[in-house]
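**Student:** Heads up: the protein sequence lines correspond to chains L and P, in order. Residues in the first sequence are numbered consecutively from 1, following the numbering used here. Residues in the second sequence are numbered consecutively from 1, following the numbering used here.
Hints are computed from structural coordinates only; laboratory data are not their basis. Worth double-checking, as some hints may not be accurate.
Below 27 angstroms or equal to it, Euclidean Cα-Cα: the simulated DSS-like pairs (lysine-lysine) are [stated by the list, open to error]: (1) L/K136 <-> L/K213; (2) P/K238 <-> L/K286; (3) L/K286 <-> P/K143; (4) L/K213 <-> L/K114; (5) P/K62 <-> P/K246; (6) P/K85 <-> P/K238; (7) P/K238 <-> P/K143; (8) P/K246 <-> P/K172; (9) P/K246 <-> L/K286.
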Amino acid sequence: MEEIIISTLQRTMIAGTPLLLATTGEIICERSGILNLGVEGVMAVGAVVAFMVTMTTGLPWLGVLAAVAAGMTLSVIHAVAAITLQANQVVSGLALTMLGLGLSGMLGKPYVGKPLTLKMNDIAIPYLSDLPYIGKILFFQSPFFYLAIFLALGAWFLLERTRLGIQIRSTGENPRATETQGVNVFLIRYLCVITGGGFSALAGAHLSISYSKSWIEGMTAGRGWIAIALTIFALWNPGRAIWAAFLFGGIFVVQYLMQPLGISPNFLSMLPYIATLVILLLISLKDPKRLNAPAMLSAPYNRGER
Amino acid sequence: MIKITTSDRYDITPLRSLMTNIFSLVAGLFVIGIIFLIAGVNPLYAISEIFLGSFGSLYGIKETVTKAIPLILIGAGLTLAFRAKFWNIGAEGQLLMGAIFSTWTGLTFGDHLPSYLIVPLMFFSGFIGGALWGIIPAILKIKYSINEVISTLMLNYICAEFLTMLIVGPWKGSTRFGFPGTDNLPEAAILGVIPGSRIHYSTLILSLICAVILCVVIYRTRFGYETRVVGENPDAGKYAGINFLKTSLILMAISGGLAGFAGVGEIAGIHHYLGYPASVSSGYGFTAIIVAWLAKLNPLYAVFSGLFFAGILVGGDAIQISLGLPAATVEIVNGTLLIFLIMGEYFLNNKISVHVSTKSKG
């Protein structure tokens with residue numbers, strides 16, 4: 001029993017990792033006032049690029065870098081459409097997802113079903129990993145897990161405690177006033193969208209080279225969309241995103257735990273999606289005012305307009 | 001030095017709007033060509049194969065019309081929702097729910113009723129199924145301020161799993177030799193097709209009627225006006241006393257219901273039984289988003305843009321076979337075209353002038 005609980009929690013952390021990475025990226029992006037619905041597509045591209053590069057070069061970290069670069073490049077499309085050309089951000093993001101899923105399917109076709117022999121080894125943190133129970137759960141994990149936590153805390157620090165963070169947040173709340181303070185609103189938004197894309201691709205890289213170690217089409221399975229929901233659940237705060245993501249990681253793991261109980265596997269597969277709706281409903285019921293979305297989220301900014 | 005200035009354009013004519021769209025599509029195809037080139041395929045050959053495959057032969061045209069039926073139905077419904085800025089991304093799930101409801105009706109009553117009763121009954125139940133799945137996000141949005149993009153998408157996944165649960169479990173047909181899927185619909189419940197094709201004409205006629213009716217609803221009724229106000233100026237709508245919940249419920253019932261119709265057509269017209277979600281609909285709910293956008297949110301234009309994107313689906317299948325490209329190619333084409341369409345709007349709405357002056361600064 002004890003072992004089951006430990007391994008469940010261990011897998012929860014791993015399942016929550018891509019959600020945390022993607023959610024952190026989306027929070028940075030949305031805080032600057034840009035809604036990016038392209039997460040799912042960028043994640044898929046990140047997954048396939050990381051897999052391809054790792055498979056051909058044998059260097060997983062090079063794969064990760066390539067994935068992040070690809071994700072950032074792809075996000076430039078959304079940035080140009082949404083920021084410079086003031087296009088509808090919902091449609092632009094959807095288009096990015098379609099394009100990303102398509103590109104990943106095309107690029108990844110020769111790699112379907114090929115297992116990655118090379119593993120990204122789990123890292124044991126000295127001393128801490130010897131702790132009873134939590135040692136194995138928290139300190140003997142995939143490097144992506146530590147990276148995700150570190151980046152989420154870093155994003156929190158950046159947004160809440162630095163000058164640049166204030167500029168990002170005020171860009172999302174009131175771009176016109178921010179610009180009068182000499183801040184380049186366009187530059188800030190470009191940086192945030194592109195950074196967010198890098199985070200989504202990182203989440204994808206984790207899925208293909210650490211989580212499942214193989215590539216199949218559609219392997220992101222809606223995780224990008226769940227990350228967008230988690231952004232709301234986390235109230236646009238990367239600190240809250242940490243436990244939100246791992247709560248959802250737990251829901252992904254519970255599916256496998258409940259399978260032997262004779263419950264329909266299709267019903268269990270519904271759980272993360274139902275949970276997303278239930279959680280959004282609960283925060284809305286609890287206190288609708290706390291949904292403090294950035295005031296100018298998804299509103300295009302036009303310099304000349306008064 | 002060169003100075004670029006932009007100003008609002010006030011003289012947007014239908015012709016200029018059409019030309020912008022055509023130019024955007026051509027620019028999009030150019031980029032798709034580059035992607036083909038990188039993938040090691042001759043771009044001119046691939047793009048001409050797409051259009052030859054869909055519009056270049058009688059067989060291609062028949063298939064294109066067949067695939068246009070769901071796209072027109074869903075696309076027309078989405079124009080209504082998008083006008084109210086209700087981002088219904090869940091047409092795929094609404095289509096599947098329509099398919100589930102109508103399959104139940106067909107299997108339950110099909111043996112006892114004549115064709116002229118069972119077919120309308122199936123369309124009715126398909127509409128109800130799609131509409132029910134459509135009004136859930138409307139309630140969630142207006143009552144609980146839950147983002148409809150998220151809720152409609154989650155409902156897609158939930159519906160697909162629910163459908164699979166039915167066909168591997170309680171609804172598994174006795175004639176399927178243990179494979180997932182329901183039994184075939186009774187003869188009376190199957191829609192007639194134009195001989196030598198897969199065009200189920202009753203759904204085709206229905207889709208055209210729906211597009212016309214929706215056009216009247218949007219431009220000639222109070223409800224149509226209210227949906228436009230909800231989308232364009234919600235504050236004014238609140239002061240004018242528009243009931244947002246009622247308006248959203250109705251427009252999502254229509255949008256979802258039309259997707260449900262499309263589901264009935266796919267089941268009763270083409271497959272004749274309920275199978276895996278991916279075989280019931282090849283992403284029509286998502287492609288229809290682009291159909292609605294290319295149609296400038298006008299349901300009548302959705303007929304033409306529906307045919308155009310049906311052609312891309314058919315042509316995409318053709319190049320998969322002839323050039324060995326993966327199925328995902330169609331998604332690349334769709335995504336790229338959509339990006340160029342929305343980018344093109346900027347150049348429609350803004351006048352861009354470039355001033356070149358020889359004088360140096362200062």
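**Student:** Decide, hint by hint, whether the structure agrees.
**Tutor:** Hints and how they fare:
no. : hint              : in the structure
1   : L/K136 <-> L/K213 : 21 angstroms, holds
2   : P/K238 <-> L/K286 : 25 angstroms, holds
3   : L/K286 <-> P/K143 : 13 angstroms, holds
4   : L/K213 <-> L/K114 : 9 angstroms, holds
5   : P/K62 <-> P/K246  : 40 angstroms, violated
6   : P/K85 <-> P/K238  : 15 angstroms, holds
7   : P/K238 <-> P/K143 : 15 angstroms, holds
8   : P/K246 <-> P/K172 : 38 angstroms, violated
9   : P/K246 <-> L/K286 : 24 angstroms, holds
Of the hints listed earlier, those the structure fails to meet are numbers 5, 8, in rising order.
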